[in-house]
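**Q** Residues per chain, in single letters:
There are 6 protein chains.
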Amino acid sequence: MRFDETYSGKVFIKSHPNYEESKAVLYGMPMDWTVSYRPGSRFGPNKIREVSIGLEEYSPYLDRELEDVKFFDAGDIPLPFGNPEKSLMEIETYVHTLLADGKIPMGMGGEHLVSLPVMKAVASKYDDLAIIHFDAHTDLRENYEGEEYSHSTPIRKIADHIGPKNVYSFGIRSGMKEEFEWAKEQGMHLYKFEVLEPLKQVLPTLEGRPVYITIDMDVLDPAHAPGTGTVDAGGITSRELLASIHAIAASGVNVVGFDLVELAPVYDHSDQTANTASKLIREMILGWIK
Amino acid sequence: MRFDETYSGKVFIKSHPNYEESKAVLYGMPMDWTVSYRPGSRFGPNKIREVSIGLEEYSPYLDRELEDVKFFDAGDIPLPFGNPEKSLMEIETYVHTLLADGKIPMGMGGEHLVSLPVMKAVASKYDDLAIIHFDAHTDLRENYEGEEYSHSTPIRKIADHIGPKNVYSFGIRSGMKEEFEWAKEQGMHLYKFEVLEPLKQVLPTLEGRPVYITIDMDVLDPAHAPGTGTVDAGGITSRELLASIHAIAASGVNVVGFDLVELAPVYDHSDQTANTASKLIREMILGWIK
Amino acid sequence: MRFDETYSGKVFIKSHPNYEESKAVLYGMPMDWTVSYRPGSRFGPNKIREVSIGLEEYSPYLDRELEDVKFFDAGDIPLPFGNPEKSLMEIETYVHTLLADGKIPMGMGGEHLVSLPVMKAVASKYDDLAIIHFDAHTDLRENYEGEEYSHSTPIRKIADHIGPKNVYSFGIRSGMKEEFEWAKEQGMHLYKFEVLEPLKQVLPTLEGRPVYITIDMDVLDPAHAPGTGTVDAGGITSRELLASIHAIAASGVNVVGFDLVELAPVYDHSDQTANTASKLIREMILGWIK
Amino acid sequence: MRFDETYSGKVFIKSHPNYEESKAVLYGMPMDWTVSYRPGSRFGPNKIREVSIGLEEYSPYLDRELEDVKFFDAGDIPLPFGNPEKSLMEIETYVHTLLADGKIPMGMGGEHLVSLPVMKAVASKYDDLAIIHFDAHTDLRENYEGEEYSHSTPIRKIADHIGPKNVYSFGIRSGMKEEFEWAKEQGMHLYKFEVLEPLKQVLPTLEGRPVYITIDMDVLDPAHAPGTGTVDAGGITSRELLASIHAIAASGVNVVGFDLVELAPVYDHSDQTANTASKLIREMILGWIK
Amino acid sequence: MRFDETYSGKVFIKSHPNYEESKAVLYGMPMDWTVSYRPGSRFGPNKIREVSIGLEEYSPYLDRELEDVKFFDAGDIPLPFGNPEKSLMEIETYVHTLLADGKIPMGMGGEHLVSLPVMKAVASKYDDLAIIHFDAHTDLRENYEGEEYSHSTPIRKIADHIGPKNVYSFGIRSGMKEEFEWAKEQGMHLYKFEVLEPLKQVLPTLEGRPVYITIDMDVLDPAHAPGTGTVDAGGITSRELLASIHAIAASGVNVVGFDLVELAPVYDHSDQTANTASKLIREMILGWIK
Amino acid sequence: MRFDETYSGKVFIKSHPNYEESKAVLYGMPMDWTVSYRPGSRFGPNKIREVSIGLEEYSPYLDRELEDVKFFDAGDIPLPFGNPEKSLMEIETYVHTLLADGKIPMGMGGEHLVSLPVMKAVASKYDDLAIIHFDAHTDLRENYEGEEYSHSTPIRKIADHIGPKNVYSFGIRSGMKEEFEWAKEQGMHLYKFEVLEPLKQVLPTLEGRPVYITIDMDVLDPAHAPGTGTVDAGGITSRELLASIHAIAASGVNVVGFDLVELAPVYDHSDQTANTASKLIREMILGWIK
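Chains as they are written, first to last, in this note's numbering: chain A, 1 to 290; chain B, 1 to 290; chain C, 1 to 290; chain D, 1 to 290; chain E, 1 to 290; chain F, 1 to 290.
If you are wondering where the hints come from, they were derived from the structure by calculation, not from laboratory data. Watch out, some of these pointers could steer you wrong.
Lysine-lysine pairs mimicking DSS-like chemistry, simulated, CA-CA at most 27 Å apart [to be verified]:
#	chain 1	residue 1	chain 2	residue 2
1	F	177	E	70
2	F	200	C	192
3	E	290	C	70
4	C	120	C	290
5	F	23	C	177
6	A	177	B	177
7	A	192	B	14
8	E	290	F	192
9	B	14	C	165
10	A	125	A	86
11	A	177	B	192
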C-alpha cells in the first residue's frame, strides 16, 4: 500500500515501516486543479512531511509520544494532473481499501475537494456518520461556474449524501448568502465565526458516534496560516485550533478518520504554516488514534 | 468623475458603473512621499482592488450583500510625484466636489497624510464633525524635522482645525512623550492600547453626530498586518478591528466618510494584509453606507 | 469581444478601445491545470498587463511606438477551472472568431497547452502554416501519464496535425530521449541549445510563408526568467531573445499570430520576469504587426 | 569595552557613547553554530540595532524615555566561527568583566546556548540568583546527539549549576517527555503553555531576589515571531509578552541582567520579528534598568 | 564633515576614520521621492555599506587593496522627506564644500535625480567637464507630468547645463521617441544597447579631460540587478560593467567624481544586487582614485 | 551504507536501490558551521534531491540517460552540529570506506570545507592525483581568524597535502592579495576570471591522470546562482559551467571523484539555484561516470 514513486520516500516523523501492523494510515492527496483562486496545495503533503523532522515526538498537551501509535505513511496517491473526476475516483477507491483493511484514514490535501471521496467512502462503512468541519468557508455551493466538482462544493455534496443534519461546521466566516440560507433551512449545524465554544456544546451530543473530521487550514486567521490558497481575516488562533483538537480527544466521539487540507507552501514564508500543519497532525494522531 | 488613466480600469468588486446613481465613491490616494521610514503605500489602492476579486460579496456578519449598496470606484486621484503640497490640494479639491455632489467619500491610502485634506473638506461641510481614528501611532506632531505636512502630523493638524475634543483615537501605542501630553492637556480623547472596549463607551456619546473614520492599518498587530510601513508589536487582531467596524455600524453615529490607509504591498508576503484590507473595506461599505 | 468580467478592466498599455478598428487582438488564457510541476501561470496574463504601465511606448530597437499599431486587449478568456478539454475547446472557438473577423491573434498563457487550440485554429485558416517554437523543452510527448492533453504534448499534437516538417523548435535543452529521436526521424526542425544562429539560417527559407510563433518563457535562462513553472539552466539571455524577435521582424515571413506562455508570477521575485515578458510583447507587437 | 570591528558602528537607538558612565551594557553574541535546525540567529543583534531607528524613544506603557537610562551598546563580541567551546568561554569572560565594572549585562543572541555562560557569570556574583525563562522549548536536554553544549541544553546546564528550584520557565510547549519529567522530579518551576498568569503568581515570591531573565523569541506564536529558527504553533501574543515585561517591571524583583535570543532575520519577512524584538528590548531597558 | 546621526555609524569597509587626510569622500543621498514607479532606493546607501563587510579588500582585477586608498565614509546627507527641491539644494551645497576641500566626491543614491546637483557642483569647478553615463534609460525628459525635477530628467538638465556634446550615455535601451531624437539633434553621444565597445572608442577622445561618471544600476540586465526601481530586459552583465570600470581605470581620463544610484534593497532578494553594487564601488575606488 | 535517518528517504532521481551493484555513490555533507558570512548550506543536499524530480533523465548534451549509470544515493552523512573537527573526521572515514569498496565518491555540500577530508581520502588512494577546482574564491588562507579548518582554507590545505602544482583553480575572482601571491610563488595553476578557455588548455596536459573535481556554486555569477552563501559579481554563466563539465567528459582525464558545494536554499528564491545544481549533478554523473 505504499505508492512506488521516486519521490515518495520522504515520510512523516516516526511513521511505522509496516502497513499491516499499523492502525492508521497517513496519505497525501496532491490535487489542486479545481481551485479558482491560488493553486499550490498539491505540494502540501510533502512539505508537511519535510518539516515534521523539526517536531518533538512528545506532546506535552496529551502526555503521549508518537511511538505509542502505530501509523503508516503511505506517500501520495498518484493523481492524474488536470483530471478531477478521475482523481476523485482514485481517492475513493484507495480509501475503500484502507477501510476494508481496518485502517483509520488520515489524509493530507490538496484542495478541499479531495475530502469528498474520502467522506463518501467512510460514510459507506459507518451508517451513523457525523462530519465535523473546520473552515473559513461554507463550501456549500451546488456547483461553481457550472462545474459540480469544485473546491467550493465538497461540504454541500457530502451533506446531500449523508443528510445536512449530520454535518457540523465551525468557524465559518465566508460564503454566499444562499449557502448560509441553505444551511439554515436544511438544519445543518453551521456555527459562524466561533469554534471552541460551540464545539464544546456539540461534542456531548455526538458521544459514541462515528465522526469524520475535516480541517481546512484557512479556519485559522491569516496571521496563523498565511500559507493557504484563500486567506480570510477574522479567523481563530492556532492555540484555539489546538484546544479544539484536544477537546475532541477528551470527548466520547469515535474518530473514524480525518484530514487536513489547503496548505499551499508557495504562499508560506519560511514554512510557518507548514510547521503548524505538521504539529496539528501530530496532535490529531496522538489525541484521536486511541 | 472617473480618472482617465490607462491603468485605472481595475475596480473594487461589485462597484457600480455609474457615478451619478452611486451614494458613495471609492477612490485611491497613491501618495507616499513624506514617509520617513518605508515607502510603498502608493501601491495600496490598486492592490486592494486587485485582491477584492477573491472576496465574497456577502457579509455573514452584517447579512448584507455588496449589490445592495451603490458605490462607484473612481480609480486613483492622479497626484504629482514628490510634491506633497500640490498633492494635498488636489485631494482636497476632489473631495469637495464629491461632497458637493452629495457622495460619501471612501478613501484608500497611501500614507496617512492623505487623510488630512479629506477630513478638512468633510469638516467644511459638517459643523459638528467628530473624528474616529484607529492607529498605532499618535500622528500628533506639529512638524517632522521641520516639515509641517508629514505622515506624523495629520491628526494634530485636524485636531487643531476642528478642536482636539472632537477627535477620538484608539489603539495608540507609539508616539513622543510630548504628543501624549499634548493630547491630555487639550482634552483629546486618546485611548492607549485598547480599541473595542473604549469604542463601545464612546459611541453612545456620539449618537446622531456626523463622524469621519480613519483607519491606519498599523493599528493591527504586525501578525495581522505585516504589509505596512511602520509595524509596531502589541496591536489588536483583525477580529477586534472587524468587531469595531460592526460596533460602529450598530451604533447611532452618522458616518459621513472614511478611509483606510498605509497598506504597503511590497512588505506584504502573499497579499495577507491586502486581503484583510479588502475585507475591511467590504465590511465598512456594507455596515456604514445605509 | 471583450470579456465582461469585473476584473478584466486592466489592459495592456496603449491598447486600443475598439475591437472593430483593431488589427490584432491580445487575450489571456489563464489555464494551468495540467501542469505536473509548479502551477501558477494562470496569473500570467493579468500580471503582464499590470506591469506594462512601467513600459515606455517607444521601442528604440524598432523605432516605432505602440500608438502606431491598433491592437485591442480583450481581457482573459473565461475558462472552466480544472476542465482542460472544455478549456481548450473554448480557446479554439474564440480564436476561430478572431480569425473570421480578420484579426491577428496574440495570446498570453497560461501553460503551454493553451497554444495548441490556437495553432489548430490558425492552421485551419492557413494551409501552408509553419510554426516557430522557442522553448527549453521539446513538448513532444504523445501523452503524459496517460493524459493526452498535457503541458508536455502541445508541440507533438500540432506537429501531428500540420506535419513535423513544418515545425521549427529553437533553444531546446530538455526532453526524453524518445522525443529527440522522434523529431529526428520525422524531419522536424529541432535546434538544440541555440536560438539566434539557427533562426537566422531558417528565416530565409520561410520567406513569404504564414508563420505562427509560440514562445515559452523558459527558453530563457533561469537567471533571466526565474518566474516560470519549470526552470532549466543553460538557456539564452533576454538579449538574445529580443534579437530573435527583431530578426523575425526584419525577415520576410508573414506572422499570422503568436503567443507567449508560462509566466508564473508567484515564483517571480519583484516582477523581474513579468517585466521582461511585458517588454517582449511590446517588441512583438511593434515588430510583427505591420 | 567597545569591540573594534569595521561593522560594529551600528548601535541601538539612544545608546550612550560612554561605557564608564553607563549603568547597563548591550552586547551581541552572534553565534548559531550548534543549532540543529535552521541557522541564522548570528545576524540577530545587528538587525535589532538596524531597525531600532524606527522606534520611538518614549514608552507609553511605562511613561519613560530612553534618554532617562544610560546604557552603552558595545557591539558584538567577536566569536570564533564554528568553535562553540571557545565562543562560550569568551562570552563568559566578557560578562565577568562587565559585572566587575558594576554594569548590568543586556545580551542579544544568537542561539540560546549563548545565555549559558552569561548566566554562569551572573550566578558567580549573585548567590541567591533566580532565572526567569520564556521559551517554547524546555532546553533541558543533558546533551544533543552527544554534544553537551548545544542549543537544547542551556537551561539544564544552568539548572544543574544553581539548582533546579531556582529556575522558572514559562510558556513551554515543546520538549522530550524526559525533560518534562526531569523538571517535575527536580522541583523546577516549569509552566506549560501559559505565561502571564503563572508569572503574576511567581513574582511576589521572588521579591527582592536577584533575577536574570532570558527570553527566547519563539515563546511567541509563529504569527508574532516568524523570524526564528524553530517556530512552534500555539504560543503567546506579543501583547502578552509585553505585559509580562511590564509585570516584572512593576514587581519587586531585582533584575541583574537579561537577554533576548533566537531572532533569525533570514526567516523574517519585512523585518516583522526584528521590529518586535527591538521594541521588547526598549521596554526591558525602560522597565528593568531603574 | 561626518553627519551626526544615530544610525550613520555603519561605514563602508576600510574607509578611513579621518576626513582631512582622505582624498575622496563617500556619502549617501537617501532620496527616492520623485520616482513614479517603485520607491525604495533611499535605503540603498546603507545596504551597500552593510554588505561591504563581505567584500575582500583586494581586487585581483586591479592588483590593489582598499587600504592603499584613503577615502572617508561621511554617512548619509540628511535630506528632508518629501521635499525634492530642498533636498537637491542640500546635496549641491554639500558637494561644493567637498570640492572646496579638494576631495573627490563619491556618491551613493538614491534615485538618479540626486546626481544632478552633484554634477552641477562639479561642473562649476571644472570648465571642461565631460559626463559618462551608464543607464538603461535616457533620463532626458524636460519634465515629468509637469514636474521639472524628476527621476526622468537629470541627464537632460545637466546636458542643458554643460552642453549635450559633453555628455556620453551608454547602454540606453528605454525612453521616449522625443528623447532619442533630441539627443541626436543636439549632438549628444548616446550609445544604444551597447556599453563596452563604444566606451573603448570614446575613452581615447576624452584623454586628459575631467570626467564625472554616473552609473544607474539598471544599466545591468534584470538578471544581474533585480533590486532596482525600474528593471528593463536586454541589459549588460555585471562582467561587462566591471570591464567598463577597468577600461576607464586604464584610460587617460581624469575621474573627478562619480556616483552609483538606484539600488532599491526591498526588491533585491538575498542582497544579490547590493553585493554587486558594493563590489562595483570597491572597483571604482581602487581603479579611479589614483 | 545508507544512513538510517528518519528523513533520509528522499533520494536523487533514478538512483539505484543497491549499494553493492553501484559504481558511484552520492552522499550529502550537511555542514555549514565554519562559514563566517551566511550559513544555510547544510540544507543543500536534501534540496538538490527534492528538486531532482523535476529533471528529465536524459541529457541531450551527452545523449545518455540516468538509468545507464548505476549510482547509489546514500543520504546525508550524520555530522555533529557545531563540531567541525569531528565532522571532518567522519567524512574522511566515510570516503575511505567508499574507496575501499571501489566506489566513486560524489559529494554534495555543505560548505566548501567538507571537500577537504574527501580530497585527502582520495589522495591517499591515488598517488598522482590532480585537483580541478571551480570557484569564485581562492580558499587559500592558512587559517581564518586563527581557526585552521574554515571555509576559507580547504584548497590551501589540500595544496599543502598533494603539492600546489597539482591543483588547478578556475574562475577565481576574489581573495586576499597574499593568497594570489602564494599561488603564483608555489606554481599552483590559478586562472583568474575565466573558466572554459583555460580549462580547454589544461585538460590535454592531464590526460590519463586521476582527477578529483570540486565545484563551488559561487563560481557562477550571482545572476545564475543567487542561492549561495557568498555571492560575487562577475562570474560565469550556467551555460559556461555546463560546457566545462562537457569538456571534461570529452577529455581523457580519469575522474575519480567530485563534489558540488555551497548551495544555500534559504537565499534561493523559487529554487532557481537548486534546480541548476541538480542539473549540474545529472550532467556530471552522465558525463564523468563511464
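**Q** All hints, please: hold or fail.
**A** The hints, checked one at a time:
no., hint, in the structure
1, F:177 / E:70, "18 Å, holds"
2, F:200 / C:192, "22 Å, holds"
3, E:290 / C:70, "56 Å, violated"
4, C:120 / C:290, "23 Å, holds"
5, F:23 / C:177, "23 Å, holds"
6, A:177 / B:177, "49 Å, violated"
7, A:192 / B:14, "24 Å, holds"
8, E:290 / F:192, "24 Å, holds"
9, B:14 / C:165, "51 Å, violated"
10, A:125 / A:86, "22 Å, holds"
11, A:177 / B:192, "38 Å, violated"
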